[in-house]
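There are 2 protein chains.
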Amino acid sequence: MAAALQEELLEVGYGGTTIDRIAKRAGVAKTTVYRRWGSVGQLVVELFAEAAGGRIPIADTGSLEGDLRALARSAVAVLLHPQSRAIFDVVVREAVHDPAARAALTDFFAGRVANAAPIVERAVARGEIPAGTDAAEVIRQLGAPYYARMYITGDPIGEADADRAAAVVSLAARAGLLKSS
Amino acid sequence: MAAALQEELLEVGYGGTTIDRIAKRAGVAKTTVYRRWGSVGQLVVELFAEAAGGRIPIADTGSLEGDLRALARSAVAVLLHPQSRAIFDVVVREAVHDPAARAALTDFFAGRVANAAPIVERAVARGEIPAGTDAAEVIRQLGAPYYARMYITGDPIGEADADRAAAVVSLAARAGLLKSS
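Protein sequences, first through last, are from chains V and R. Mapping to UniProt numbering: the first sequence position 122 is 122, numbers consecutive. Mapping to UniProt numbering: the second sequence position 154 is 154, numbers consecutive.
Treat the hints as calculated values from the structure; they're not laboratory data. Remember, it's a predicted structure, so these values are computed and weren't measured experimentally. Don't take each hint at face value.
[As the list claims (entries may be wrong)] Here are some chain V residues pointing at chain R (derived, C-beta under 7 angstroms):
no.: 1; residue: Arg-93
no.: 2; residue: Arg-140
no.: 3; residue: Ala-148
[Said to hold, decoys possible] Footprint (simulated), chain V over chain R, 3 or more residues, beta carbon under 8 angstroms:
no.: 4; stretch: 8-16
no.: 5; stretch: 91-102
no.: 6; stretch: 105-115
no.: 7; stretch: 132-143
no.: 8; stretch: 151-157
Note that beta-carbon positions come from the ideal geometry of N, C-alpha and C, so glycine has one too.
Use the sequences and the hints to build the structure in full.
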């Protein structure tokens, strides 16, 4: 179902994607799809929520900036995949007004923060950044520049944005600007 | 029309807002509204584009961080207004897939960058940050954390986010991390 949905989104866009077309492509009865999901948006959000729980391996490069660079590069690489981007776009759009989509996106980020917390803990243990640095704030600040490019200013994203975000966030963390408030 | 639209969005939400209800509240014939805009989304985007061209006064506090703090605080204050937030939410949502909404939001940011460029020029002239610092990147990075909270991680925003963004961005600019690439 996920593959059929991604292919449809890429082929005809969100505006053209229908439950009927997804069901046909996936080779299942459309009543089955309708019974479970009322709309394409709901289907996207549920598939996103299912897929988003996976752990991503985090690098241990020996420095905060190195670890954050690897993390940001892998996030940007995923967002540069047309299939992942098509799904993420719909979730971000739906999350503006739909509570289920909002919850899926918020949960996704909570998972990302939990996954990446060791990066911050190791940097504190090395004495690279002050104790009390907020891992959630570090991860939020790391992603903010490329998400803002994608959904607010409408700029392209690339590896340079990941590297700049890692440099900026590690500098800010070292200066004690990312402590829990 | 703008006031009627904002009141409708606040009262019944985007899902409940219709051209008929807006026309009725504004006291105009609904055919007039339909003729000009096909959907609530189009109406929101056009009113946003009209309103977004206005210049905002920029402070001259004598330091980059002070100027950026004043700018970020005024942006956050606007976004904390339920009426402005309701409009901005719809534009961000529509901009994910609709080229007209995307253009309106991109133009809005180009205007914000042009408006705030003197902040960066003055900081370069004072020797506070290196020549070649990219004003567009400074303004994008300044807004990114609170936009990411609003539309990606789903966190509340407040003055503390504005102040933190100003501190982080001025530190990054001083370190030469926000030059044109």
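Here is what the structure says about each hint:
1. With 7 angstroms as the threshold, the beta carbon of Arg-93 of chain V comes within range of chain R, its nearest partner Cβ sitting at about 4 angstroms, so the hint holds.
2. Annotation: interface hint on Arg-140 of chain V holds; nearest CB of chain R at approximately 6 angstroms, less than 7 angstroms.
3. Given hint, Ala-148 of chain V at the interface with chain R, holds; its Cβ is 4 angstroms from that chain's nearest Cβ, closer than 7 angstroms.
4. Residues of the stretch 8-16 of chain R with a Cβ under 8 angstroms from some Cβ of chain V number 3, which satisfies the need for three, so the listed coverage holds.
5. Under a criterion of three residues with beta carbons nearer than 8 angstroms to beta carbons of chain V, the stated coverage of the stretch 91-102 of chain R is upheld, 6 such residues being counted.
6. Coverage of the stretch 105-115 of chain R by chain V holds in this model, with 3 residues showing a Cβ closer than 8 angstroms to a Cβ of that chain against a need of three.
7. Coverage of the stretch 132-143 of chain R by chain V holds in this model, with 3 residues showing a Cβ closer than 8 angstroms to a Cβ of that chain against a need of three.
8. Counting residues of the stretch 151-157 of chain R whose beta-carbon sits less than 8 angstroms from any beta-carbon of chain V gives 5, enough to reach three: the coverage restraint holds.
In terms of the numbered hints stated before, the structure departs from none.
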